[in-house]
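J.: Given next are the chains, with one letter for each unit.
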Amino acid sequence: MTVRRIIVEPRGLASLRLTLTVPLLSVLAALIIGGIFLWITGDNPLTVYGHMVDAAFGSSRGVSETLISATPLILTGLAAAIAFKMLVWNIGAEGQFLLGAIVAAGIAIAMGDGVPAVLAIPVVIMAGAIGGALWAAVSAVPRVYLGTNEIITTLMLNFIALNLMNYLIFGSNSPWRDPLVSTFPTGRPIPDGASLPRFFNRLDVGIFIAIAVAIFAWYLVNRTRWGFEVRVVGDSAETARYAGIQVPRKILGVFLISGAFAGLAGALFVAGPVGALDPRSLDLGLGFTGIIVAALARLNALAVIPVAILMGALNNAGPSLQSIGVPPEIVTMLQGAILIFAVGGEFFIANRLRRPELPPEVLAGEAAA
Amino acid sequence: MSDSTETLTVDLRDIHKQFYGVKANEGVNFQLRPGEVHALLGENGAGKSTLCSILAGLYRPDAGEMIIEGEPVVFKSPKDALAAGIGMVYQHFRLVPNLTVAENLALGHHNLGVMVDQKDLQRDATQLGERYGLPVDPTARIWQLSVGEQQRVEILKLLYRDAKVLILDEPTAVLTPQESQSLFSTMRQLTDEGRSVIFVSHKLHEVKQVSDRVSVMRQGQMVGEIDTADAEPKDLARMMVGRDLELPTRAEDDSTGQPMLVVRDLRVPGDRGLESVKGVSFEVRSGEVVGVAGVSGNGQRELAYGLVGLRRPTSGSVTLDGVDVTEENVLEHIRQGLAYIPQNRLGMGLSPGLTTEDNLGLKAFREAPYSKGRQLVPAAFKSRGKDLIEQYDIRGVVPGLPIRLLSGGNLQKALLAREVEMQPKILIARSPTRGLDVGATEAVRNSILRERSRGTGVLLMSEDLDELLALSDRLIVLYEGEIVGELTARMATAERLGLLMAGQRDEVAP
Ligand SMILES: Nc1ncnc2c1ncn2[C@@H]1O[C@H](COP(=O)(O)OP(=O)(O)O)[C@@H](O)[C@H]1O
Ligand SMILES: [Mg+2]
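Residue numbers (my numbering), protein chains in the order written: chain A, 70 to 438; chain B, 1018 to 1527.
None of these hints come from the bench; they were simulated from the model. None of these values were measured; they are calculated from a predicted model. Certain hints may be false.
Unchecked claim - Calculated from the model, a selection of chain A residues having no Cβ within reach of chain B, i.e. all distances over 12 Å:
#, residue
1, G104
2, G131
3, M180
4, G181
5, L224
6, T255
7, P266
8, N270
9, R294
10, V301
11, V302
12, E398
What the hints assert, rightly or not - Pairs of lysine-lysine residues, derived as DSBU-like cross-links and limited to a Cα-Cα distance of at most 35 Å, are as follows:
#, chain 1, residue 1, chain 2, residue 2
13, A, K154, B, K1403
14, B, K1220, B, K1040
15, B, K1389, B, K1399
16, B, K1399, A, K154
A virtual CB, placed ideally from N, CA and C, is assigned to each residue, including glycine.
Work the whole structure out from these sequences, hints included.
T.: Here's what the structure looks like:
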């Protein structure tokens, strides 16, 4: 009597092709589901998708807007990727992003018009990164030295950051608020000297900074001694201690760098496309979308770049759908579906299905039977 | 004596089983007669557990026939196997930690309804335990029991279901020598009642002592079956490993080396703050192996942690080659030439998700050639890794794959390779051959003795008395955090050590 069935078993190492195919298939599957949804609600999916592609990539304006949306996502994606790799569950990129924006805008406004751009821009960018890192430190220090749960603290600090920004603009006459607009409060414009130079429609140099940071992050993790120690700690803290690695210091470092990346995203956003601490333009959930980016990029710093561009394209295409009468929420739905399929796809990267291989004599016996 | 008309209890024919490309069982035949203790011998990874799990219904074979008492069967789950009278005690126990012994016995028993009388259950458990020499407290919860006691519960669970065939997968791996002996008499009693026992082991002397017949497996295949009475240990070893073994030989002790490790009145706290090491003093000189004997839990772990910098001693001193490192962190101990083989290979000694090459560089990565300033040199990890893998015969490495996929023996070879490569002045090893098969044990012991001849001071902490006696120049015995005896190799015998380990201070002066 012979027993045969399909077996699920772990793969040792997935091939590069497979690691690439699975995320692409997840995106495709999400598009199909979205298409069915559109079809049921009476739209032609092909028309809608065609419109989206056109909006995101069909014109020089579309391309530049897509890259503008991608810039902060690259950085918040990196913030999540580097932290999650180390099992530090920093889901506070949202708040760290806002703090980066607040500090960067504050410094830019305080410096005023007198400071030359070569000085002002680096200062503003650094300030944003430091702001994000300090906001992360509020969760990181108790996590490392007291063992508090960083998921809860980072999440709560997101709300505090959001309220802080709203207070600065809507609730007070702070220096961040534009004194010239009284009817509907908004942020005071960043001085020209501190604004990022544009080179292609509205696209500014922030995209290059984000890409450079992604490459730097990859190098840091994979090619430095510090990165090696971080990988050991992320894999097994006991082993790291055994090997003489200072575990608390590494976790703290990763947490702060993660916060700095998110804060940098906030700085580039206010010094770039938004140009002021404007709550309506900043409260977009870019920190949370970064988590989707990191997951789809499988926590690889370089893969974060194309994934962020894809998500940026979706964000950018959403509003234009209104012109053809399709709710822009379809984009949020697609992003959610992509995440679900990507997480499901992980299963096929990690495992494979096969029928048991049988020795020839058994197969011959079966054929005879 | 076997008579050819007698029905076999179990007859496995041409069993095949693969785990992602690994042929765990490849055309295995296995026969079990009624009333025998049948030993299944083989190195780690030979496929013993797989074969047993197939017989117990946990795995289904890819191909092959299973005939029980003359009837072909297909087991869909361990329940089916139990219904056919076959039960297994797995290497990793499957009890519910929060339930009592009695509740665990009842769990999943088809004859019992929802309402079970606790008193009846407890009485049954006690009676069964007494009858088979497996005493346990039926009201104790599983997590309160020692590993040995948990094993008894596992066996009782099978007897409660009246299993006719009991499969014990490496039961002695977790037992003290005394507990093993009592298990053997239980096994005898079971076979006297007409039950059969499959006894899995890779320890030759146990197999020789307790079994009627032996089947030997190697690399997924059955390589032979003989009556135990006709089996020479040397031949069994050769069948198991596929070649002759070089048994470790220790050169005579000259004992003139420099003291490399000096420990004075060391006190180290335990996990719950109580003192676990209570003022121990000893020395390890260059070129000598000092064995530390003791029943586990008598301060060995804390002593090791205190010596390597993982736990700060409360008082006393640790000196490595003349440098006081008592207050220093782990890294400073490593820099002073201390190598450490922890008991927990994958959880502490190796980083399971990193590659073998990365793990081989885990102690030396701070210096050339592994790094240049703050930068890592990936090429150095690759080439040094390749050299060490070859030199230390670490098998099964696929570049880029995490080290956790290697077998226990190869993990230990990798760990040892890395520690020995740093040319340590002191090597501290805890149970370095635990769970390893004879081939890997031989490699590890020979490495330790090579270190000794190179002039390293070795502190060997082990629960395996044979190992301690074979390798040590001197022995100290730990009991409740104190040294209760110190013996030279010539004075030490298993009996004497056993008495000291039980806390009886040595009356006979060495
Ligand atoms: N569940 C499993 N998944 C993958 N590989 C396995 C599994 N069980 C066993 N193997 C592999 O099959 C081989 C035989 O293992 P096993 O039967 O456990 O050997 P033994 O009990 O003799 O040490 C080993 O190479 C082992 O790695
Ligand atoms: Mg096994």
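J.: Could you run down the list of hints and mark each one as holding or not?
T.: Do the hints match the structure? See the list:
no., hint, in the structure
1, G104, "36 Å, holds"
2, G131, "40 Å, holds"
3, M180, "33 Å, holds"
4, G181, "38 Å, holds"
5, L224, "27 Å, holds"
6, T255, "45 Å, holds"
7, P266, "32 Å, holds"
8, N270, "39 Å, holds"
9, R294, "5 Å, violated"
10, V301, "5 Å, violated"
11, V302, "9 Å, violated"
12, E398, "39 Å, holds"
13, A:K154 - B:K1403, "27 Å, holds"
14, B:K1220 - B:K1040, "24 Å, holds"
15, B:K1389 - B:K1399, "15 Å, holds"
16, B:K1399 - A:K154, "23 Å, holds"
Of the hints listed earlier, those the structure fails to meet are numbers 9, 10 and 11, in rising order.
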